[in-house]
Amino acid sequence: MQFVLIGFSDFPNLQGFLHAVFSVVYIIILVGNFLIILTTSMDPALQKPMYFFLANFSSLEICYVSVTVPRILFNLEKQDRSISLMSCATQLCFFLIFGTTECLLLTVMSYDRYVAICNPLQYPLVMNPKRCTQMVAVSWLGGIPVQIGQTYQIFSIPFCYSNQIDHFFCDIPPILKLAGGDTSVHELSVYLVVSMVVAFLFILVLTSYSKIIATILGLPTTKGRAKAFSTCSSHLLVVVLFYGSATVTYLRPKSRHSPGTDKVFSLFYAIVISMLNPLIYSLRNKEVTAAMRKLIFQIRDLCRHRSLLFF
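Residue numbers are given in full-length UniProt numbering: position 250 of the sequence shown equals residue 250, and the series is strictly consecutive.
Mixed in with the good hints, there may be bad ones.
List of simulated lysine to any residue pairs, SDA-like, C-alpha gap at most 25 Å [claimed, not checked]:
id: 1; residue 1: 48; residue 2: 177
id: 2; residue 1: 177; residue 2: 90
id: 3; residue 1: 78; residue 2: 21
id: 4; residue 1: 286; residue 2: 187
id: 5; residue 1: 263; residue 2: 89
id: 6; residue 1: 286; residue 2: 209
id: 7; residue 1: 177; residue 2: 8
id: 8; residue 1: 263; residue 2: 63
id: 9; residue 1: 263; residue 2: 187
id: 10; residue 1: 211; residue 2: 128
id: 11; residue 1: 130; residue 2: 45
id: 12; residue 1: 286; residue 2: 38
id: 13; residue 1: 48; residue 2: 37
id: 14; residue 1: 263; residue 2: 186
id: 15; residue 1: 263; residue 2: 148
id: 16; residue 1: 130; residue 2: 107
id: 17; residue 1: 286; residue 2: 222
id: 18; residue 1: 177; residue 2: 193
id: 19; residue 1: 286; residue 2: 27
id: 20; residue 1: 211; residue 2: 124
id: 21; residue 1: 48; residue 2: 111
id: 22; residue 1: 211; residue 2: 191
id: 23; residue 1: 286; residue 2: 23
id: 24; residue 1: 294; residue 2: 275
id: 25; residue 1: 48; residue 2: 148
id: 26; residue 1: 286; residue 2: 132
id: 27; residue 1: 294; residue 2: 31
id: 28; residue 1: 177; residue 2: 45
id: 29; residue 1: 286; residue 2: 217
id: 30; residue 1: 263; residue 2: 241
id: 31; residue 1: 263; residue 2: 153
Keep in mind that the hints were calculated from the coordinates and are not lab data.
Using the sequences and the hints, build the whole thing.
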């Protein structure tokens, strides 16, 4: 009725250090993404579809890491690595749902950049507030039925060999290793779902960016090409990092899976990328950087004003 998450028990002398590292990383992710949400919501200059999608993406990143990191911190602090079957299934289900939402949101954001660069005159009409809201709603809700079904299918397998998951959270590859009997059908279903979701959406993103790059190269001035590319380079970098690590994790043959490499790749796409995303979007976008700096100064001035009133 329960599993044991082996996690980082191979490093007994580093438990306190790892807890501190994950705590700092989690705080950076929360603060960075919250600042982006606050900045894009409050600054009038950022009331555009591009930043509406960015605010939703930052909200998703907070949800995404909150599925795994608090549990990691709990295990490192309490040294209690047991997790119930239901809790493990719930964690996996939400992790898969938010992962699917990220794929869908990245696709929507690439379509937004495609319309803005390739059809700028039609952009206000195509990317109207109602359509943007609908696309975001589909992104958040679209993966729920598929991933609930996949989670149910995975946890309907009898687990006979061991209850020890050699991972730091409940993920598909380490859970399937504990299954008894022939798991080829379940592995095939995982490949099919990942292929349908990840591969299909990735092809859509590549199609959008192939047309975007062709349009940018056709611009008459170097300044125009640089400006157009700067508006989508951050998103393209995030797409490459996320899809690259997720593809390596889920589409590798079972014979090439090992606990060490699975942990490294999972750590990268589940946590590290979420920490990098606010930095990528803020540092490579002048509008976001300027608005965030303005917001920080406003908060600082407000705190100073309140402290003077207090004293």
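To see whether the hints hold, each was checked on the structure:
1. This hinted pair does not check out: residue 48 and residue 177 have alpha carbons roughly 46 Å apart, beyond 25 Å.
2. Straight-line distance between C-alpha atoms of residue 177 and residue 90 comes to about 19 Å, which keeps the hinted pair within the 25 Å bound.
3. A distance of roughly 16 Å separates the Cα atoms of residue 78 and residue 21; the hinted pair therefore holds under the 25 Å criterion.
4. For the suggested pair residue 286 and residue 187, the alpha carbons sit about 44 Å apart, so the restraint of at most 25 Å is broken.
5. Annotation: proposed proximity of residue 263 to residue 89 holds, straight-line Cα distance about 19 Å (limit 25 Å).
6. A distance of roughly 21 Å separates the Cα atoms of residue 286 and residue 209; the hinted pair therefore holds under the 25 Å criterion.
7. For a cut-off of 25 Å, the pair hint linking residue 177 to residue 8 stands: about 18 Å separates their Cα positions.
8. Restraint check: the Cα-Cα separation between residue 263 and residue 63 comes to about 20 Å, which is no more than 25 Å; the hinted pair holds.
9. Among the hinted pairs, residue 263 with residue 187 is consistent with the structure: their alpha-carbon atoms are about 19 Å apart, no more than 25 Å.
10. The straight-line distance between the Cα atoms of residue 211 and residue 128 is roughly 22 Å, inside the 25 Å bound, and the hint therefore holds.
11. Only pairs whose Cα atoms come within 25 Å are accepted, and residue 130 paired with residue 45 is accepted, the gap being roughly 20 Å.
12. With a CA separation close to 16 Å, the supplied pair residue 286 and residue 38 stays within the 25 Å bound.
13. Restraint check: the Cα-Cα separation between residue 48 and residue 37 comes to about 13 Å, which is no more than 25 Å; the hinted pair holds.
14. Between residue 263 and residue 186, the direct Cα distance comes to roughly 21 Å. Compliance with the 25 Å bound is thereby established for this hinted pair.
15. Of the pairs offered as hints, the one joining residue 263 and residue 148 holds, with about 24 Å between alpha carbons and a cut-off of 25 Å not exceeded.
16. For the hint linking residue 130 to residue 107, the alpha-carbon distance of about 18 Å falls within 25 Å, and the restraint holds.
17. Restraint check for residue 286 and residue 222: satisfied, since their Cα atoms lie roughly 18 Å apart, inside the 25 Å limit.
18. For the proposed pair residue 177 and residue 193, the alpha carbon gap of about 19 Å is at most 25 Å, so the pair holds.
19. For the given pair, residue 286 sits about 24 Å from residue 27 by alpha-carbon distance, which is consistent with the 25 Å threshold.
20. Distance restraint check for residue 211 and residue 124: the Cα-Cα separation of roughly 19 Å lies within the 25 Å cut-off, and the hinted pair is therefore satisfied.
21. Among the hinted pairs, residue 48 with residue 111 is consistent with the structure: their alpha-carbon atoms are about 14 Å apart, no more than 25 Å.
22. Note on residue 211 and residue 191: the hinted pairing is violated, with a Cα-Cα distance of about 29 Å set against a maximum of 25 Å.
23. Between residue 286 and residue 23 the alpha-carbon distance is near 29 Å, which puts this suggested pair outside the 25 Å criterion.
24. Distance restraint check for residue 294 and residue 275: the Cα-Cα separation of roughly 22 Å lies within the 25 Å cut-off, and the hinted pair is therefore satisfied.
25. Distance restraint check for residue 48 and residue 148: the Cα-Cα separation of roughly 33 Å exceeds the 25 Å cut-off, and the hinted pair is therefore not satisfied.
26. Between residue 286 and residue 132, the direct Cα distance comes to roughly 23 Å. Compliance with the 25 Å bound is thereby established for this hinted pair.
27. Proximity of residue 294 to residue 31 is assessed by CA-CA distance (about 16 Å); at most 25 Å being required, the pair is judged to hold.
28. A distance of roughly 51 Å separates the Cα atoms of residue 177 and residue 45; the hinted pair therefore is violated under the 25 Å criterion.
29. With a C-alpha separation of about 22 Å, the suggested pairing of residue 286 with residue 217 holds against the 25 Å cut-off.
30. For the hint pairing residue 263 with residue 241, the CA-to-CA distance comes to about 16 Å; that is within 25 Å, so the pair holds.
31. About 23 Å separates the Cα atoms of residue 263 and residue 153, which keeps this hinted pair within 25 Å; it holds.
Of the numbered hints stated above, those contradicted by the structure are hints 1, 4, 22, 23, 25 and 28, listed in ascending order.
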